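Could you build the full structure based on these sequences and the hints that come with them?
All the letters of the sequence shown, read from the start, carry residue numbers 1 to 141 under our numbering.
For the record, the hints were derived by calculation from the structure and aren't laboratory data. Just so it is clear, the structure is predicted and the values come from calculations on it, not from any experiment. All C-beta atoms, glycine included, are put in the ideal place defined by N, C-alpha and C. Each hint should be verified, as a subset may be incorrect.
[Stated by the list, open to error] Label pairs and their calculated CB-CB ranges: (1) 42 <-> 97: 35 to 41 Å; (2) 42 <-> 78: 28 to 34 Å; (3) 94 <-> 46: 34 to 40 Å; (4) 47 <-> 21: 30 to 36 Å; (5) 71 <-> 16: 26 to 32 Å; (6) 43 <-> 97: 20 to 26 Å; (7) 127 <-> 22: 14 to 20 Å; (8) 70 <-> 34: 14 to 20 Å; (9) 69 <-> 43: 28 to 34 Å.
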Amino acid sequence: MNQDPTQPHEAAPRFRPVPWIALQTPQDVEAWIDEHNRCLMENIGPQETGVGVCFTLTEGGNLYLQTSGDAVILDVDAEAEWIAPLISAATQTPVPPAQLWILQDDKLIQLIVGLSSLVASTTLVSGHNFGSRSRKVQYSR
1 MNQDPTQPHE AAPRFRPVPW IALQTPQDVE AWIDEHNRCL MENIGPQETG
51 VGVCFTLTEG GNLYLQTSGD AVILDVDAEA EWIAPLISAA TQTPVPPAQL
101 WILQDDKLIQ LIVGLSSLVA STTLVSGHNF GSRSRKVQYS R
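Printed below as a string of structure tokens:
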């Protein structure tokens, strides 16, 4: 089928979903983190912001994750709100009143092990608006 040259066409997505393989041990998660960091360094420019990974959940919704210094930032979309009690249990943190979670960096491995069986795929992201001003930010400790 030919495209009409007078109509704008959508560009192919920059990053494609990668099927998830459940991670069961902290060592599995550490290996995934190392691989993820390598992919980010190879594919994301130093000037880009809003960089992280999108976890597409098997039961619906997306969870966006960004690490920054000593924090893990999670942006849970409305369709994935069902996952909040599981995030809380996995990380031993209270559920925030908004969709944005800020966790201490030492919670990352616990988080990924806890959610691993619920992930369908991951996709690198750039330009995601982690923590827009229109959202309340809740710091979890």
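CB of residue 69 to CB of residue 43, is that within 28 to 34 Å?
-> Violated, at about 21 Å.
Given a hinted range of 34 to 40 Å, is it respected by the beta-carbon distance of residue 94 and residue 46?
-> 35 Å Cβ-Cβ, so the 34 to 40 Å window holds.
Pairwise beta carbon distance, residue 42 to residue 97, judged against the given window 35 to 41 Å | With Cβ atoms ~37 Å apart, the hint holds.
Taking the beta carbons of residue 127 and residue 22, is their distance inside 14 to 20 Å?
-> Roughly 28 Å apart at Cβ, these two residues miss the hinted range, so it is violated.
Indicate whether the distance between the beta carbons of residue 47 and residue 21 respects the range 30 to 36 Å.
-> 32 Å, holds
Between residue 70 and residue 34, does the C-beta distance stay in 14 to 20 Å?
-> 19 Å, holds
Distance restraint hint 20 to 26 Å, applied to the beta-carbon atoms of residue 43 and residue 97 = 34 Å, violated
Pairwise beta carbon distance, residue 42 to residue 78, judged against the given window 28 to 34 Å | Taking Cβ atoms as reference, residue 42 and residue 78 lie about 32 Å apart, which means the hint holds.
C-beta pair residue 71, residue 16: status relative to the range 26 to 32 Å that was hinted | With Cβ atoms ~28 Å apart, the hint holds.
Checked against the numbered hints given earlier, this structure breaks hints 6, 7 and 9; the rest are met.
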